[in-house]
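S.K.: Take a look at the letters that make up each chain.
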Amino acid sequence: MVKRKRTALEKQTNLPSLQNQIRRDPPSYRDDFLIQYRHYESQRDIFLSQPEGYDSDAFIEQLSFITHVADCYPEVTKKFPQDLADLLLRHHNTLETDLREKLVQCLVQLRNKDVIPSTALLQTLFPVLTTTHSKQLRTQLYQSIVSDIRNANAKTKNHKLNKTVQGVLFNVVEAGKDSPDAVVGLWAVKVTRELWRRNIWDDARTVEIIKEASLSANAKVMSGGVRFFLGVDKEREEMDESSDEEDYNESLGKLRHQAGINKKTKKKQTQMDRAIEKLKRKERNKHKTTVLNFSALHLLHDPQGFADNLYSMHLAKSNAKLSMEQKLLVLQLVSRLIGLHKLTVIGIYSYLLKYLTPRQREVTRFLVAAAQATHDQVPPDLLEPIIRKIADEFVSEGVSGEVATAGLNSIREICARQPLAMNDSLLQDLTTYKGSKDKGVMMAARSLIGLYREVAPEMLKRKDRGKTATMDMKSKEKLRFGEEAPGTIEGLDLLEKWYEEQKQKKIEEGGENADEEEDDDQGWEGWDVESDSDDSGSWVGVSSDDEKDIEISDSEDEKPSAKNKKSKADDVDTSEKMDVDDDDKPKESAQPEQDSFMNLATTRILTPADLANIAKMRAAADLQKASAKNTIALKNEEAVDQSIIEGPKTRGKSDKEARLAAVMEGREGREKYSSKRGKVLAEKPHSTTNKEKARKKNFLMTLGQAKRKQKRSLMEHRRILKAHVEKQKKGK
Amino acid sequence: MGSSSKKKKEKQKDFAKPKLKVGKTKPKADNHTSTSFRSKAIVVGHQSLNTAAPTLQTQLKHNLTLLNHHAYSTRRDSLAHIASVLSSSPASNPPISYSILLPALAPLTLDSAAPVRTQLLTLLTSLTKPKDLRQDAIIPVDAVRMHTPRFLLYVHSAMTHISADIRGDSTNFLSWLLDVVGEDAVRGAKGWGKTLKCWMVLLGWESGKSGPGIRTSSIEFSDPGKNKKASLQHLIVLKKFLSVGMLENETPLSHYDIRMADLLRPHQYTESHLMPKTSNIYAHLSLFATGGVMENVNEEDAEGSAEDFDSRRRIVNNVFEGNIRAGLHTRLQEGGEIGRLAGGLLKVMDKALKADRLDTH
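Heads up: the sequence lines are chains Y and E, in that order. Each residue of the first sequence is one higher than the last, beginning at 11 in the numbering used here. Each residue of the second sequence is one higher than the last, beginning at 1441 in the numbering used here.
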């Protein structure tokens, strides 16, 4: 009470001191606050009577005061946030920049004090963001929106807020979808992208927003959406990398300390950099397993519909509004979707055909798209014209080496995904380029040969087949369309062997019946997954009947035994190890080895311990090297790198002058190599050092001494040498 | 020998061609002479001196811009200049439009310097008061009436200003407005409800709502109503305000008027069906508001429509009466000049509200 009386005597003369006192004792200063609140109201009315040309300094001060103490008098300031929002929404284009900035700040502050909910803030800021003409305001709003959502999701994901915001964004995008002039969606895309990048939003709803944006009529919004799909996952990874920098400060500290003590040289510096980089990578790998991220492309609902829509909307009809770059982006996305989800968009192949000429701008990207759009479910009839065209246009006598390289490489990429697209005669034509003088062409042709040695050696010329491929040819079956190769787990045979050995050992030791289930349980130790001991009898194999029917219908000329084997192999899928093939059909005895090790995969669930075991044994058997050769394994899920198509870059022939110029260009801006001491000396004014003097000394003057040196007695020589050693020890 | 090769090199250097680079400034030549100079003062040789003095209008305009000058003496002087020019010019043909002058004067109600505010008040009172009864005032009442809402806004702002001096002077301006335009100053939500709210905080009478009884009305923080002299002035103006707002002028009608009224009024409520005499009577609906905040007007609320005496009385009755009476009673207990004034005010309240109650019955 005493304190209150004392404070009562003070006169309020400025807002900051009043603010300070209110914060300490809100009830006592209620009257002062009321006066200020009325003052704010009257100032607001004055402002509203003439929004333009209003001297806003006092008003700004008043605003910040009320914002700071608003939480002390909630019942008085009930309407205050709404007032601010109205001011901003109605007058954001005419407001003075300072005042506008203050309004946004106040709203954010009110949000931080929990006076208004996040949704209210975003509902105010987002409409302004999309309509304002001021770049400055836009950046401010954008930042506050993103940071607000980030803060809301900082501890745990605020699903409710995310849902509402995503709903708002979705509506924004959808509303402007059909009009080519609505750029509102661009901001929705931008916000979404930022939040995705920061790993705050990572669900299918987010992807849905962007999907809607990619199908918008406005070119900017569309390309924003498409770019999201093409690049955002990479961005997210980069973000992750940069974000966990703090973790290894400790070990870095040690390195830094050493660097501080030891002599500083450039070499040491680079060593240190490399060490840091290594440490980072190590740390990154440590974290990698814990983060479970789905790529945006995987989260799509109905990829087939999306790809169809994208193609028909932006590519199929000649959409004059789209630039070449934008069309290429769409093409890239569509082809990526086709490859990833094994979709069928028939139109795209004929569309691509139009652009596959060496003179086409950015033709490598079209080639990449053609390769990406290929997977093993694409009918070869669709791909054949493309390959034919590439072969005709790119790979012929008249064209330069680079073009031929690109052509051959893209043919290889397509054929790696769908080998049936090639026919014998064309392949044999193309393989003749293996003798080309151009290194790129030669390598490309060789890689094509290498591919077909694995896939279908009978299509190659006899001399190209090589020894191992010829030997394998007998056991290899002909490629057929729609055929799924039976999956295997590499190293499974080793595991089987190991089990046999273990059994043997146990029998030798105690003769007890080794209980496999007990082993299983041990293998699952430390893993949360419920260990369900397998019982092959209770599982029913699910086989797709349609495929069987088709195969029966169109493969009458082939051996029935092969077909049977085929269909059974279809049933066994590696990814679903629990699938067990039906036991009632007896296995063919033709290839017991191949089936026997798959037996293990089909009769038991591999525990993590088992998998670790496999990895160990494979390392021991040095099988990894052998498997490294098997690089041509289908990777239709991944994007094709442009550099693969372009082949190795070779520098063209150049004369000495040009080369020298290139060297000199590289040296520009580089500091000269020289000793540190020399550099220091060059900068400060100094008299000639003894060394310089000695270096510049007239040759004739040194002659006499040189002559005398030869005539020195041994003793004299000894004394001089000793003195020299002594001098060295003392240090200069 | 060593030095001679050095000299040779130096000689060679003279003939080396300077290397030009894109994006870099051209190196200066050796014989380049800088023509830049520094000087403490620059004397301009010829200056144009306008012989004709600026006209009255331009002078006035210049003085209007000086009203925003940072030095308070300049502001005060320019106010004095404006006053002198206007008072010497004929009322029928003013040298400057009042629709420019009055809006420019209004913000000075909030001026931080006391001399400027006093000067403004003298300017306003002198220019709006007729010198003698036969002459009109220099600034006609209609001009002031047109800008009343604007003045009111600034008066509200001044009544709630953080500086006690400005608050103290604020009621003088309100008093001036009441003198000049009379009922127009209290008409509408802005004029009545808003002003009353400002009165409540100005006098520190709002506490009725504060609830938990943390403050008793005897302790007055910072300033509200503390300053004796100021509060005397406040009470005088409040009395004027309330009587203008709630008590009709019951001047006895002349014989002629009654006759005319009988002629013109065939009906008891003709008045309410006639064209309104005042301007903008539907202001509270803000029909023509340019994007302003449309406030929800509630009949029971303080800021409801207050176009006539009845509604004003109702607003006071519904919202403010308790607070005002409580405040006046404490003043009454203080006694002295203030106590007497408070008593007078209570009488005004009683009279006005009794009339209202009689009306309603």
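In case anyone wonders, no lab produced these hints; they're calculated from the structure. Honestly, I wouldn't trust all of these hints.
Just a few of them, taken from the derived set where beta-carbon distance is under 8 Å, the chain Y residues facing chain E [claimed, not checked]:
{"hint": "1", "residue": "L25"}
{"hint": "2", "residue": "D41"}
{"hint": "3", "residue": "R48"}
{"hint": "4", "residue": "I56"}
{"hint": "5", "residue": "M452"}
Label-pair restraints from in silico Cβ distances [claimed, not checked]:
{"hint": "6", "chain 1": "E", "residue 1": "L1460", "chain 2": "Y", "residue 2": "G357", "range": "55 to 63 Å"}
{"hint": "7", "chain 1": "Y", "residue 1": "K327", "chain 2": "E", "residue 2": "L1460", "range": "47 to 55 Å"}
{"hint": "8", "chain 1": "E", "residue 1": "I1540", "chain 2": "Y", "residue 2": "K165", "range": "35 to 43 Å"}
We put the CB at the ideal spot given by N, CA and C, even for glycine.
S.K.: All hints, please: hold or fail.
M.R.: Hints, one by one, checked against the model:
no.	hint	result
1	L25	holds, 6 Å
2	D41	holds, 6 Å
3	R48	holds, 4 Å
4	I56	holds, 5 Å
5	M452	violated, 41 Å
6	L1460(E) to G357(Y): 55 to 63 Å	holds, 56 Å
7	K327(Y) to L1460(E): 47 to 55 Å	holds, 53 Å
8	I1540(E) to K165(Y): 35 to 43 Å	violated, 58 Å
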